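Put chain D on the given structure of chain H with help from the hints.
Now for the letters of each chain:
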Amino acid sequence: MAAKAPKPPKPAEMLDFDYSPPAADWMDTPVDMRPGTYCYGARGKNLEVMGFPNARDWSPADEDWRLPPEWQGTVIEGIADRMKKYRSFRLFLDICVRCGACADKCHFYMGSGDPKNMPVLRAELLRSVYRRYFTGAGKLLGRLAGARDLTVDVLKEWWYYFFQCTECRRCSVFCPYGIDQAEITLMGRELLNLLGLNTDWISGPVANCFMTGNHVGLEPQTIMSNIEFLLEDIETITGRHIEPSFNRKGAEILFVTPSGDLYAEPGTYTCMGYLMLFEQLGLDYTMSTYASEGGNFGFFTSNETAKRLNAKIYAEARRLGVKWILGGECGHMWRLVHQYMDTWNGPADFLELPVSPITGTKFTNAASTKMVHIAEFTADLLYHNKITVDKSRNDHLTVTYHDSCNTARGMGLLEEPRYILSRICNNFFEMPEDTIREKTFCCGSGAGLNAGENMELRLRGGFPRANAVKYVREKHGVNVLANVCALDRASLPALMDYWVPGVKVMGVHELLGNALVLDGEIERTLDLRSDDLPVKEDEADV
Amino acid sequence: MKIWSSCLAVAALILLAWAGAGVFGLQTLFGVVIPYLAFALFLIGFVCRVVRWGMSATPFRIPTTCGQQKTLSWIKQDKLENPSTGLQVLGRMLLEIFLFRSLFRNSKTEKRGPVFGFGSAKWLWLGGLVFHWSMLIVLLRHLRLFLNPTPAVIQGLEAADNFLQVGAPLLYITDATLTVALTYLFLRRVVAPGVRYISRPADYFPLLLLLAAAGSGILTRYFFKVDIHAVKALTMGLVTFRPPAPGQLSIGVIFYIHLFLVSCLFAYFPWSKLMHAGGVFLSPTRNMINNSRAVRHVNPWNYPVETHSYAEYEDQFREKMRKAGLPLETE
Numbered sequence: 000m001a002a003k004a005p006k007p008p009k010p011a012e013m014l015d016f017d018y019s020p021p022a023a024d025w026m027d028t029p030v031d032m033r034p035g036t037y038c039y040g041a042r043g044k045n046l047e048v049m050g051f052p053n054a055r056d057w058s059p060a061d062e063d064w065r066l067p068p069e070w071q072g073t074v075i076e077g078i079a080d081r082m083k084k085y086r087s088f089r090l091f092l093d094i095c096v097r098c099g100a101c102a103d104k105c106h107f108y109m110g111s112g113d114p115k116n117m118p119v120l121r122a123e124l125l126r127s128v129y130r131r132y133f134t135g136a137g138k139l140l141g142r143l144a145g146a147r148d149l150t151v152d153v154l155k156e157w158w159y160y161f162f163q164c165t166e167c168r169r170c171s172v173f174c175p176y177g178i179d180q181a182e183i184t185l186m187g188r189e190l191l192n193l194l195g196l197n198t199d200w201i202s203g204p205v206a207n208c209f210m211t212g213n214h215v216g217l218e219p220q221t222i223m224s225n226i227e228f229l230l231e232d233i234e235t236i237t238g239r240h241i242e243p244s245f246n247r248k249g250a251e252i253l254f255v256t257p258s259g260d261l262y263a264e265p266g267t268y269t270c271m272g273y274l275m276l277f278e279q280l281g282l283d284y285t286m287s288t289y290a291s292e293g294g295n296f297g298f299f300t301s302n303e304t305a306k307r308l309n310a311k312i313y314a315e316a317r318r319l320g321v322k323w324i325l326g327g328e329c330g331h332m333w334r335l336v337h338q339y340m341d342t343w344n345g346p347a348d349f350l351e352l353p354v355s356p357i358t359g360t361k362f363t364n365a366a367s368t369k370m371v372h373i374a375e376f377t378a379d380l381l382y383h384n385k386i387t388v389d390k391s392r393n394d395h396l397t398v399t400y401h402d403s404c405n406t407a408r409g410m411g412l413l414e415e416p417r418y419i420l421s422r423i424c425n426n427f428f429e430m431p432e433d434t435i436r437e438k439t440f441c442c443g444s445g446a447g448l449n450a451g452e453n454m455e456l457r458l459r460g461g462f463p464r465a466n467a468v469k470y471v472r473e474k475h476g477v478n479v480l481a482n483v484c485a486l487d488r489a490s491l492p493a494l495m496d497y498w499v500p501g502v503k504v505m506g507v508h509e510l511l512g513n514a515l516v517l518d519g520e521i522e523r524t525l526d527l528r529s530d531d532l533p534v535k536e537d538e539a540d541v
Numbered sequence: 000m001k002i003w004s005s006c007l008a009v010a011a012l013i014l015l016a017w018a019g020a021g022v023f024g025l026q027t028l029f030g031v032v033i034p035y036l037a038f039a040l041f042l043i044g045f046v047c048r049v050v051r052w053g054m055s056a057t058p059f060r061i062p063t064t065c066g067q068q069k070t071l072s073w074i075k076q077d078k079l080e081n082p083s084t085g086l087q088v089l090g091r092m093l094l095e096i097f098l099f100r101s102l103f104r105n106s107k108t109e110k111r112g113p114v115f116g117f118g119s120a121k122w123l124w125l126g127g128l129v130f131h132w133s134m135l136i137v138l139l140r141h142l143r144l145f146l147n148p149t150p151a152v153i154q155g156l157e158a159a160d161n162f163l164q165v166g167a168p169l170l171y172i173t174d175a176t177l178t179v180a181l182t183y184l185f186l187r188r189v190v191a192p193g194v195r196y197i198s199r200p201a202d203y204f205p206l207l208l209l210l211a212a213a214g215s216g217i218l219t220r221y222f223f224k225v226d227i228h229a230v231k232a233l234t235m236g237l238v239t240f241r242p243p244a245p246g247q248l249s250i251g252v253i254f255y256i257h258l259f260l261v262s263c264l265f266a267y268f269p270w271s272k273l274m275h276a277g278g279v280f281l282s283p284t285r286n287m288i289n290n291s292r293a294v295r296h297v298n299p300w301n302y303p304v305e306t307h308s309y310a311e312y313e314d315q316f317r318e319k320m321r322k323a324g325l326p327l328e329t330e
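Same order as they appear, the protein sequences are chains H and D.
When the letters of the first sequence are read in order and numbered with numbering that gives the first Met the number 0, they come out as residues 0 to 541.
When the letters of the second sequence are read in order and numbered with numbering that gives the first Met the number 0, they come out as residues 0 to 330.
Looking at chain H on its own, in the form it has when it is part of the complex (with noise of 0.2 Å):
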């Protein structure tokens, strides 16, 4: 195992660097692995779970990665493979012209510029493998023609910088031909991946995952007894008592939502939000503690573990015969679920086109997946005016929302949270318009970083949120971040400690939950957090 991570500089020295870039040529300056920037290796139980080759426990500290013998030929073979599979690959490779528009998009190059944290270097340290090896000039030119030969220095550039990006797409926004970069990661850590070079934080994961449904291996009757505890909550902060159901047959919905929000704060507040309120609306739903895992760590290992992992999600609802599935408020997740998962493990022609059982209203543009974001499914119900809500509740917190990379930029979930926000808070300000939306900056833990041995990294990656975030405390006085994204709510916390103290981390249902009346509640004096509710006017005059 690595040495235990060093403590992260003070947030002036974190700052203490340009933009200019170093005088040397990037072909000519060796990977510089600083303790703090990377995550531990994979250990070799892990990969076993899983059946990944080169099992082994391995640290990136090491001299010697222990390679598989001929891991070049594999590499080689590896990327011939994947360009025939994906368009996106191959013409990637191809077309950049570098002409830098994405250089500045990155929150990694951003927040501590290093030049191949620009999108365009980062795939150029891939493209230069591939002329070496694919293209005459290449073969022929050389360096001349921008190649090089794969050598370990070069695959360990690889591995340090293809988990440095969160896959967050924001540079694929800029490009002029739609270049993204999640697209390089992706196929470069599949590369990877091939020769058992992962990160322990994310193979733990999946292989938890794998077999016993969630990525941190809460056991069934632990996710029974974790919302049990968020029941108790519930019941002294409302004096509702709610019984929800798992595993059961019949129901009609499915809920899926990221074992982020079972069993740590702050997503847990957020499953509270949830739980009030399909008890409120008499919903039949069940949650499964097979399929308990919304969000996919398989997606930042391979394409195939990917699949894997999302197969449960269609099989148990097979299985247990629900008309429709409800998910939760995930940031990958949905993308998953969005873009991959109909085509990975569908059609699901066993389930029928998602209907509001309380609205009427018919999901139509999930006609095929037949699965309905949870911020798409309370809008319709806001909208419709079918929930009671009291604003004040939320009176003693200021709001800014943060998009998440996953569902802005491969979905388009937008308005739908930012309804529900106005619905139910009184104080909400925007951060700049050049963070936000489709030009969101990331949290900086995305895609499998959000481990504790890379706290430096994380917080240079989250400096532009942090930084747009600091923008609305200082002119609006905002303390609470809200997100539709359980890696949110775990990762910005200590972002938020770091860059700005006082900035509390929230799921749109988690404040949902503060302003939603339940029927026979008692007067409610403590948010979900049971923290003190603000006194209303009319009855401090009293």
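Keep in mind the hints are simulated off the structure, nothing from the lab.
What you are looking at is a predicted structure, and each value in this text was computed from that prediction instead of being measured.
Relax, there's no trap hidden among the hints.
Listing some non-contacts, in silico: residues in chain H with all C-beta distances to chain D over 10 Å:
| hint | residue |
| --- | --- |
| 1 | P5 |
| 2 | P67 |
| 3 | H395 |
| 4 | T397 |
| 5 | H475 |
| 6 | D518 |
If you want the footprint, here are the derived chain D segments under chain H, 3+ residues with CB under 8 Å:
| hint | stretch |
| --- | --- |
| 7 | 190-203 |
| 8 | 294-305 |
Each residue gets a CB set at the ideal place from its N, CA and C atoms; glycine is no exception.
Here is chain D on its own, set in the frame of chain H:
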């Protein structure tokens, strides 16, 4: 070094044409053989590259969504930035191809101590747009050398392009804008440290080649005033596959230099980054419809994978599940 090697390469090409056509009298080689070869290489190469891209699968529908999705009826969809039909994709692609929509979004990030500032950065967009449109018009104008009689559309284009009515021969505006835009794009790579850092010979060379081709064309028309009728006799011969003996046409050597540089450009095109011209049409993040939840997308190479089934899961946890009161498939 990267810049100088590109400069040298272009200078060598100019010298080669000058020596070949001017000193050694190889007008047939430079006026007929090489242009034919270059054009054939261009066509074959371009088609091969596009076909090869086309043969790669598009396993998933992965548009980059840059606006509101189609969802609840009362939420306004951004049809051009997040298209949900083929027609809307067409609109998005037209904006991308003719107006460089995505590049128009470009901004500049500045770090002032501990805070970021985002500034407007439209120069790259403007430079790129001016270059590409000028190039297109210049190419279209050249059609008059290959069509007899010159179609009215081309004549109209010429008239619009030289409406300033200055100089003799009349100055084409696009000759100026093309040169200025190319110069900007080249200087940007040399002067801006970040762009210089990512630039390779493959970036400098085509810009310099284009500049040299444009420059030699300008010299041919405005300064050496090469006999246009002789040129047209040659070009018409080329296009009708009855090339004359160019040596007898008395065309100045500057024309051969121009023709050779253009030939080099055509021959180089398919094997270079210039293929973005074809590639942009195929980009999956731009040309795909964002309706993957409404309409199933099929992956042609989808294959079954090993999963951990519910039955295996229940076997693993049966006792614990029973204790927790969970329903079981097998008691």
